[in-house]
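First to last, the sequence lines map onto chains A and B.
Position 344 of the first sequence, counting from 1, maps to 344 under our numbering, and the rest follow consecutively.
Position 128 of the second sequence, counting from 1, maps to 128 under our numbering, and the rest follow consecutively.
Hints may contain errors.
Beta-carbon label-pair distances, calculated as ranges [said to hold, decoys possible]:
| no. | chain 1 | residue 1 | chain 2 | residue 2 | range |
| --- | --- | --- | --- | --- | --- |
| 1 | A | L888 | B | V159 | 30 to 36 Å |
| 2 | A | N637 | B | D171 | 41 to 47 Å |
| 3 | A | R816 | B | A142 | 51 to 57 Å |
| 4 | A | R816 | B | S98 | 42 to 48 Å |
| 5 | A | A905 | B | A142 | 40 to 46 Å |
| 6 | A | H619 | B | E176 | 33 to 39 Å |
| 7 | B | L182 | A | L582 | 31 to 37 Å |
| 8 | B | S98 | A | S553 | 38 to 44 Å |
| 9 | A | A905 | B | D16 | 42 to 48 Å |
| 10 | A | A905 | B | Q122 | 44 to 50 Å |
Straight-line alpha carbon distances no greater than 20 Å define the calculated EDC-like cross-link-like pairs of lysine to aspartate or glutamate that follow [claimed, not checked]:
| no. | chain 1 | residue 1 | chain 2 | residue 2 |
| --- | --- | --- | --- | --- |
| 11 | A | K645 | B | E180 |
| 12 | A | K655 | B | D16 |
| 13 | A | K645 | B | E176 |
| 14 | A | K645 | B | D33 |
| 15 | A | K326 | A | E388 |
| 16 | A | K918 | B | E183 |
| 17 | A | K600 | B | E183 |
| 18 | A | K268 | A | D345 |
| 19 | A | K645 | A | D809 |
| 20 | A | K655 | B | E176 |
| 21 | A | K655 | B | D171 |
| 22 | A | K600 | B | E180 |
| 23 | B | K70 | B | D33 |
| 24 | A | K852 | A | D214 |
Hints in this document: simulated from the structure, not taken from any laboratory.
Please read these numbers as outputs of a predicted model, since none were measured by experiment.
Glycine residues also receive a C-beta, built at the ideal position from the N, C-alpha and C atoms.
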Amino acid sequence: MLLPLIAAAFLLAGSGSAVFTDEAWNVDYHYALLGQPKQSTSFFHQPNPSSRASLVYTLSERGVLGAVNPRDGAVVWRQVLLAGASAHNASFLRAGEGQDVVISGIGSQVAAWSAADGRQAWSVDFPGPLEDVEILELVDGKDTSGAKDAVALSGGDQPVVQRLDGATGSVKWQYQLSGTDVPYQVSASTTEVFVISLHKTILGYLKLKVTSLDPVSGHKMDEHMLSSENELATADTIVTVGANSASPINAWTDSTHSVLKVNIMGTKGISSFDIEKHGGEAVERVKLHAPYHINSLSHFLVHYETATSHWAEVFHVDLKRGQVEKAYSLPKLAGRGAFSTSTSDANVYFTRVTSDQVMTVSSASHGVLGKWSVGGFNVAAANDETAEPIHAVSEVSIRGDTVSAVRSAVLLSTGDWVLLRDGSPVWSRPEMLASTVSAAFATPAEVEALVQQLEAEAHSNPIEAYIHRLTRHVQDLQRLPAIIMSLPQKVVQGFLGTSVDGDITSDSFGFHQIIACATQDGRLIALDAGNPDKVLWNQQIADLQPGQTWQPSVSSPKGGVVEISSKASAGVQYNASSGEQLVSILPIDVTADQAAQEVKYAMHDGGLEATVDSSTTWHFMPTSGERIVSLVPRPLNDPVASIGKVLGDRRVLYKYLDPNLALLVTANDAATAATFYVLNTVSGAILYSNVHTGVDLSSPISSMLSENWFTYSFTAEASGDSPKGHQLVVGELFESLVANDRGPLSSTANYSSMQTGTEPFTLTKIYQIPEPISKMAVTRTRQGITSRQLLAVLADSSAIVGIPYGVVDPRRPIGRDPTKDEQAEGLVRYSPVIDFDPRWYLNHQREVVGVKDTITSPALLESTSLVFAYGLDIFGTRLSPSFSFDVLGKDFNKFQMLATVAALAVATCVVAPLVTRKQVNTRWQFM
Amino acid sequence: MAGQLPPPPPPQWVLDLTSTTTPSKPKSGSIPDPPGFTSTTALTTKQSKSSSKAITPRKQPSPDEMDTLKLKKAWELALAPAKQLPMNAIGMYMSGNSLQIFSIMMVFMLFKGPITAVLNIQSTFQRLETETNRTQMLGVKAAFVGCNLLALALGLWKVNGMGLLPTTRSDWLAWETAREPLERAYYVPS
Chain A
1 MLLPLIAAAF LLAGSGSAVF TDEAWNVDYH YALLGQPKQS TSFFHQPNPS SRASLVYTLS
61 ERGVLGAVNP RDGAVVWRQV LLAGASAHNA SFLRAGEGQD VVISGIGSQV AAWSAADGRQ
121 AWSVDFPGPL EDVEILELVD GKDTSGAKDA VALSGGDQPV VQRLDGATGS VKWQYQLSGT
181 DVPYQVSAST TEVFVISLHK TILGYLKLKV TSLDPVSGHK MDEHMLSSEN ELATADTIVT
241 VGANSASPIN AWTDSTHSVL KVNIMGTKGI SSFDIEKHGG EAVERVKLHA PYHINSLSHF
301 LVHYETATSH WAEVFHVDLK RGQVEKAYSL PKLAGRGAFS TSTSDANVYF TRVTSDQVMT
361 VSSASHGVLG KWSVGGFNVA AANDETAEPI HAVSEVSIRG DTVSAVRSAV LLSTGDWVLL
421 RDGSPVWSRP EMLASTVSAA FATPAEVEAL VQQLEAEAHS NPIEAYIHRL TRHVQDLQRL
481 PAIIMSLPQK VVQGFLGTSV DGDITSDSFG FHQIIACATQ DGRLIALDAG NPDKVLWNQQ
541 IADLQPGQTW QPSVSSPKGG VVEISSKASA GVQYNASSGE QLVSILPIDV TADQAAQEVK
601 YAMHDGGLEA TVDSSTTWHF MPTSGERIVS LVPRPLNDPV ASIGKVLGDR RVLYKYLDPN
661 LALLVTANDA ATAATFYVLN TVSGAILYSN VHTGVDLSSP ISSMLSENWF TYSFTAEASG
721 DSPKGHQLVV GELFESLVAN DRGPLSSTAN YSSMQTGTEP FTLTKIYQIP EPISKMAVTR
781 TRQGITSRQL LAVLADSSAI VGIPYGVVDP RRPIGRDPTK DEQAEGLVRY SPVIDFDPRW
841 YLNHQREVVG VKDTITSPAL LESTSLVFAY GLDIFGTRLS PSFSFDVLGK DFNKFQMLAT
901 VAALAVATCV VAPLVTRKQV NTRWQFM
Chain B
1 MAGQLPPPPP PQWVLDLTST TTPSKPKSGS IPDPPGFTST TALTTKQSKS SSKAITPRKQ
61 PSPDEMDTLK LKKAWELALA PAKQLPMNAI GMYMSGNSLQ IFSIMMVFML FKGPITAVLN
121 IQSTFQRLET ETNRTQMLGV KAAFVGCNLL ALALGLWKVN GMGLLPTTRS DWLAWETARE
181 PLERAYYVPS
């Protein structure tokens, strides 16, 4: 008897934490991303000279500087240095040996950041774009104590070299580069600072000009030209101009990658090496890996890549004789590989990462010091694609003569950043998602398959349908053993409230929707909204050349299908669950209504133009000086449960519901005015317009239209009577402002906007908000019964807030308290300032950085809307604007309920004999 | 000496068993009373019967007087619901217009009472109805129905106050459909 009680008590204790925790960290997910790291700006570094543990630092392609803990892949800190950066932006990240700051350079700004917590120490702005940043490790052969100085080279009209004080960032000296040469790079040896610039010869070839400067005074010491003959046509074939190694080198190849030329900086001699042709394939890339430390051996590795294989050669620099010698070569392997350089004291180690092994060699000899096989990177990739390493940075730990462990942060061809510890993946970060440009929700294909089967049953004759159903159930029976096996676990999980909401196939709430994300570099990635911890599939769908961009737009025309369309190509469709490309392109069924006449409108010559069957119906041209900022049509799938608003006295205010509405924003730069129009997109009629003057057009203007209401926000400049502020305007369209009046069209079944133009009655309210909204979205539910929440992306505080519609309702009474009827509707007295309630923040305490857009999708539960935000970070959650009225929350105490039932049962059993006895006694007792 | 003793009187339980008093209806349930069980009610009626014998019987009223008495009683019955009305009204007013279990139960009782009363009108007045006062009883019954209708009206007033009667536009809003546009516009991103 006691045993079950004890067991129950333990169950209760166990469920205590699971049941009552806030849902905040359960239903939402957040990837704090950096963007794909670059080889040249990634390294392991100890945040403090005293600490032994190191962090991985990177300045990514997206212009984000961050430190990642190599233990678990969590971001320790990050700073967005250049919003909207791409892979083409030159960026630099350096850390001096034993320094507690890292120095970044991007755009025209050099900044120093505390390596431990990412606080800025100083920043310096340059007149032109930065070309290079280096750290002066030694000055006059002495190791300086304290912060090490930086040398930065900027280009532009007045190229200049500056030495910046490591502690304060103040300029110690500067050297103006003269002439027409293009500054290329800066490099430092123990005694000199070299500035390399590109000199264009008469024939159009490039020559390297090396100017050496005195590191203490900044005076020019020497200048010479390297005789690169006619080999350098563009700067692309310059392999490297080595930085702070003991002997900086210049290396370049000709355009066909047939010969490698190496020059030791400061000398004029050039060593020339023929590049071996392995198997007759053309060498596509030549990379050079050299140690960055001034004390380390002056050895370097040259990495050759062809389309299908790669190999490497190791060279030694003989400083005394000023010669470069080839030491040994690493064998050719198929596929791509990545090399990384690590140092330990003076020794230099090269780590080679390929898709099946990790290997470390010493720079001195070709003996393999450590070798680990890689089982797999544990990342999602397309079926025909294998994840291959693109580049890597490594940290080796040496014990005696062997390498005891090696950690490599590897960027894979899939875009994942993976840490391999001794060949096994420890964590992976889906950095490719940081460049998402478009995303859409799609129903899983499995769900859609069942829907189709049910439809087939509904549309065939009863006998066929019955047979179909029977066969389907027989097929389902095959899954029975698995279901029975998982049943006890499910019961326990359901009892404890720890159950994840099933998997995709048994998803009764519709939380498992597939989010397809198209990225800037041509990949399509699918996530499961109900299980966002891992990427479902990830494939390259566009082969983009370097420098090429595309503007894909992802949509889901029907369940189970993801469609990508871009400017260049018509829509290509993919299976949402597996990512397979669908061969037969299904015609997009516009489910809305086939009978309706189609009007198509598009941006045309700075205005809007609508056509019906290729004949123009209407034009919308903004007045002169105005440009279109944005156009937001009402969403195609925007269900509305009720066509009117019920007032407190149970009368009805009819909504102006027209699917053909769009909100157009135009801006007049000269007059600093923004105009907002609500258009009927069939007839082109302006239903509502408003001009706001004194608008700060440099800050974002966001707008949104849904159901019968629209909203927009902008930043108003300070004027004579009002200070600068951010405003949110909400307008609601009604058929009539008189209750119980359905307008002139009354209850006709259908109408044509071209023949009968009705105009809505619009109520608007302006609210002051504390910060600008960069993007707006609205929650969507299956039938539109649930009240709405306006989702606003706050770029300044890296947050997303969900503002309940009741707060911004334009029907809030002004200057008086609401009447009893209005109170019954939930209206409160209008107050012009809205403060964002901390409870509205969907991201809670996390920083969701760089969100570009937010998409929403209804779940199967009417109460719930799925939200997904992308940009730099990925953030998703489930929202219940009217609270979860159709599902039991986690705080529902199942144990208490079961205990009550059990207690009642026990009580009944105990009391029943007592009652019987009493009844019998009443019979046998007189009076 | 050895004369035969008279047979002892039979014990009480034999008397009880052989006594012809009809066993009273069992007090509860379908369980029959055990043999010999005399219910308390039977005992008391015996006693009251014996005591009433002492009182001289009252003179029976004449049929005319009986009719007047019955009519008077019938009027009393008919007007009883009307007497309850003020109390009901106060109760309804006090219970408020919100939909709560208490007020819902009160409203339910308010409806159930008059309706069952009207349905059982014949059995209510059967005892009081005679061949001679039948015509007068019609007026009485009409008054009874009228009073019950008043109570019903009170219930309706209450239900209306609670907003349960579909009398306003919003109650029929769900049956109104949105107008279908004959054209659909689609934005073609360029």
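### Message
If you test the structure against every hint from before, which numbers come out violated?
### Response
2, 4, 5, 8, 12, 14, 15, 16, 18, 23 and 24
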